[in-house]
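Peer 1: So the chains spell out like this:
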Amino acid sequence: MNKTEKSSGVIRGAIAGAFVKLSPREQIKNPVMFVVFAGAIIVSGCAAIDHSIFSFVIAVWLWFTVLFANFAEAMAEGRGKAHASTLRNARTQITAHKILFEGGTSTVDVNADHLELGDIVSCTAGDIIPSDGEVIEGIATVDESAITGESAPVIRESGGDRSAVTGGTRVISDRILVRITAERGNTFLDRMISLIENAKRQKTPNEIALGIVLVTMTLLFLVVVFTLPAFGRYSEIASNAPGSTHMTLTILISLLVCLIPTTIGGLLSAIGIGGISRLLKKNVLALSGRAVEAAGDIDILLLDKTGTITLGNRMAVAFIVAPGISEQELAEVAQASSIADETPEGRSIVILAKEKFGIRGQDGAPAHAKFIPFSANTRMSGLDYCDSDGKAIQSIRKGAVEAIRTHIEKQNGIMSVVVQNAADNIARSGGTPILVSRDNIVLGIVHLKDVVKGGIRERFARLRKMGIRTVMITGDNPLTAAAIAAEAGVDDFVAEATPESKLAKIKEEKALGHMVAMIGDGTNDAPALAQADVGVAMHTGTQAAREAGNMVDLDSNPTKLIDIVEIGKQILMTRGSLTTFSFANDVAKYFAILPAMFGTVYAVNGHKGPLASLDIMRLHSPESAIVSAVIFNAIIIVALIPLALRGVTYRPGGAMSVLRRNILVYGIGGIVAPFIGIKLIDILMTLVGLNF
Amino acid sequence: MGRHDVYQAIFYFAVLFGAAPFLGRYIAGVFSDNKPVQFLEPVETFLYKCTGIDHKSEMHWTRYLVAVLLLNLWGLIAVFALQIFQGHLPFNPQHLKGVEPLLAFNTAASFVTNTNWQAYSGESTLSYLVQMLGLTVQNFLSAATAMGVMLALARGIVRRNSGALGNFWSDIVKTTLYILLPLSLVFALVLVGQGVVQTFAPYHTVHTLAETDQVIPLGPAASQIAIKQLGTNGGGFFGVNSAHPFENPTPLSNFLEMLAILLIPAAQVFAFGKLINNKKHGVALFGVMALVLLVGFGVAWYSEVSTAHHIGVGQLMEGKEQRIGVMNSVLWETVTTAASNGSVNCMHDSMSPITILVGMFNIMLGEVIFGGVGCGVYGMILFVLLTVFLVGLMVGRTPEYLGKKLEAREIRWMMAGLLIPNLSILIGAAIALTIPSAAASILNPGPHGLSEVAYAFSSAAGNNGSALAGLNVNTPFYNVTLAIVMLLCRFGVLIPVLAIAGSLARKNAVAESDGTFHADGMMFGAILLFSILIVGALTFVPMLLLGPVSEHFLMLSGRLF
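As given, the protein sequences belong to chains Z and D, one line each in that order. By our numbering, the letter at position 592 of the first sequence is numbered 592, and the numbering carries on one by one without gaps. By our numbering, the letter at position 308 of the second sequence is numbered 308, and the numbering carries on one by one without gaps.
Any given hint could turn out to be false.
Unchecked claim - Reference excerpt, derived from the structure (chain Z facing chain D, CB under 8 Å, subset only):
#, residue
1, Ala209
2, Thr227
3, Ala238
Stated by the list, open to error - Straight-line C-alpha distance at most 30 Å; calculated DSS-like pairs for lysine-lysine:
#, chain 1, residue 1, chain 2, residue 2
4, Z, Lys453, Z, Lys370
5, D, Lys280, Z, Lys510
6, D, Lys35, D, Lys49
7, Z, Lys453, Z, Lys282
8, Z, Lys281, Z, Lys453
9, D, Lys35, D, Lys279
10, Z, Lys370, Z, Lys354
11, D, Lys280, Z, Lys465
12, Z, Lys29, Z, Lys203
13, Z, Lys510, D, Lys35
14, Z, Lys81, Z, Lys282
15, D, Lys35, D, Lys56
16, Z, Lys510, Z, Lys465
17, Z, Lys465, D, Lys279
18, D, Lys279, Z, Lys510
None of these hints come from the bench; they were simulated from the model. Remember, it's a predicted structure, so these values are computed and weren't measured experimentally. In this text, a Cβ means the ideal position worked out from N, Cα and C, and glycines have one as well.
This is chain Z alone, in the form it adopts within the complex:
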């Protein structure tokens, strides 16, 4: 299905949904729109009794107002439903190969729905993983596109931080054993589907508070409108001109509907649902709407260093030579020492040598050479070139400063002061010096460094602009931590952190009144994720982390928080702006309707009454003024549906600049727009000959 087809399908569904939602049981859930609904019924009754075209037209447009609001909500829900049904397809009728006895290999095929917590299943290439679980044996590539929409397969392996698998994803290669960790009906997929389908039902705290404002203002306007006949009637009597006001029930209800905040009332739930589905588009799964709103308030972000700020491993970035040695020579030796080293650090040395001097190492150890693996005892690794008898003739080593020093001193070598100083400088800058030696001579140093992810500095700067302070949490010593913090551009860091100290840091910041977000992936992050106001777990992370957080980032991209915060803020901004817009609109509506109602009160000798002078829009007739206001009120809902779904644009900056813009557009704009809109509708109606 292409995109336009899909969206036209959504629109068709939403139109049908708009009518389905006309049931009173649906309407009563939204008190503001319920008033319009009740008004539409009453005016329809009036039209049936008095047979006036005016009442008929008003009734039609009141029904449109209700339908437009229903349509907005159905539209927002429709997008989510489309997503949910795709997800549901991913789950249908999966067969699981359940291991009969732990440790055994014999399996029995059962329906995925019958799996119990703790069951172990076997998944081989081509299988769909039946439920959420933890890989307990093996390594496999898994296609998670059904959940994440990302087609590149990911690696899942037992142990470590990449052990979690999600039900509904497909194993592409190899075989893994998975222990089921989710109860029936409570899998990740289940939660995702119910979240999308029920986005409307859970009201967030700010939504509830705003709801109170809207309902009480509606109550106020009810009283304003229905006390008006008393004042009008008095004025008629006082001016000895009974019938000089226009206060039919139809007109009173029209005024009421125009005054109550229908714009925001009609779009309120669409805004919330729209926000959740925007998050889904960004591949973030928010497990509660409350968390999304809280994200907009975040002012401190704690990030685990490894895997979020840095690439996760230290990398060689430079060769520093000892006196009398050329850099190329050092590079060659360093490469040779690392050629058989499969650790990421070792590989990075090979790559650096290749990049700098084009040295192409052979695969594996060269002939007549023996690879000396790293041992905790010697804290060195390297290569021994051997003669044909297998006796070592030259030994190359690389390792920590102290280890190499001991190594060469044993062979009567002397460590030069220049090298020692250079090594100290690297350590002080937060890097790791790796000394390279050949026999008893130190050739130089490989500078290993935590490499900060590209572009992360800019993203932190953007967070800072949004008013969010970033704090890096790392197990490194303070020196290293400080250096990385400076390079990545975080505002603060916690060094030598333990799971307890992470938790303590969050509690401390919360006690100071901060709203804390935490991003993590490991099991040891789980308590902190649960404690934070917003805990974003990486999808690649462990099951424990995913359970603890209230959001899961399916792309496992830590700077995703920027999007989350923006969407959280947008939801609030859109609600606030449209509320302001709604009330600002009322000014023009008064100017349209009140002169229409009372323009002839206290009129004498066929002149207009004193209040006719308030008709500054010079509308065609009293009836056309009222109809124009009602029509404007209805179509503004439709006109603003895209805005409600998309959200008000957020640009990082202080509260003041954001506010200035929104006040200008929705406050001042809200006062001016209806004057123009109502006048235009009035002109159009006159042009097409709709005169009342």
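Since chain Z is already given, all that's left is putting chain D on it; use the hints.
Peer 2: This is chain D only, laid out in the frame that chain Z set:
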């Protein structure tokens, strides 16, 4: 609009705005640890000892509220009983009979709620004892009650993770002893110096040049007038209030009384800012209030002058005192409606329609243009909460007020506090205009009559107490409905404010960040002003259009009412 009038107006506002910060600092000092008036402290301690008040015991909002309600209930009963039985009590040289019960109820409700609506004429209805022991005492207590609520609110904002809002008994003792009593004492003496009467002697009967006998009412007036102005009460000792030469004899007394009307309301805004450790917020509130006051005065004065010009008379002098003049009458009208004072030095009924509109709109805004002692600030804070709620959403953060998050609970109370007065005015006026017997009280026909009824209910709801007059309000209908409106709107605002204070006090404060909206400065002021005006306008525009606005346009076309 003579040059001297302009000088006088400028002088008035200069003195008022100049004195407010200093008195504000003094008021804030009274409620902090190092009191500015040390020599009165033994008196305070003595009072606590006599009454057995444990002034250090902190009250939760519900306990604070119970204390407020108890004090006010006893006040209501006492003032009612004093009036009913005044015929049997001393200090009644004119041998006035007991007051009719519905009127007594109305008056008791009126003075307990700091409204001081008067459906009676003091000199012909109340004994000296009722005036002193009933009304004057309530003038102090009603002002102190509201001041206490304002203090509780300030504490709610400042305190964190606590439910305690202070001690109500201690708050009213301090307010009375350190603020209201000393100012009233000095002011009463000055007024006596100016010629305001202060005596227990019976009324004089004099033989006039016109060969008739005239009764000259007397009484202990100065002591009551001092607190009537300072405590934003406004209930006159005599029926015509400060238009009476024994209440307001000289230009100086007129100036000082006008100053006294707004002195504490203006100062308390600064005090509030200081008490919540956010002077800038206080200054912003003051700025908004001052702006509305000044613009309102400008419009009212311009209307009064241009109307006279339009009609073709030199000045509109009907209902005004010659010795006071137009400018000082309009200024007083603006000031007394802005503050919930309600004393008058002229008859508002005779003013130009737009001047009336300004006064009526001042009241309808909820008495937040400085407003009453204590309640001016806490009423304004309800609008501030509405403002920061919308602003918070618009900047994309959970709304917060001075660091405290606003959630459903606070919003619910806030809307209740904002809506109760507005609904009372609309419904009350609508009923009065619909019931024929009530509508029959209207003495002037046309839009002016509508204004009279609207003004009466606004005045009761805003706890202002001034009357447009032209309406016979000493009828069972008005005595009862207006008393109910006064009580409903006093406690319908006070209770929500205390609930909000209690709720805020329990919360931890949110730390500030770049995304935090600061409730100060021009932007905040502008949005606050917009919120106040739009709530007021959207509620009352239809009513005002059919009242003063219609009258204004009709007057321009030559029809008067």
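Peer 1: What are the numbers of the hints the structure violates, in ascending order?
Peer 2: 4, 13
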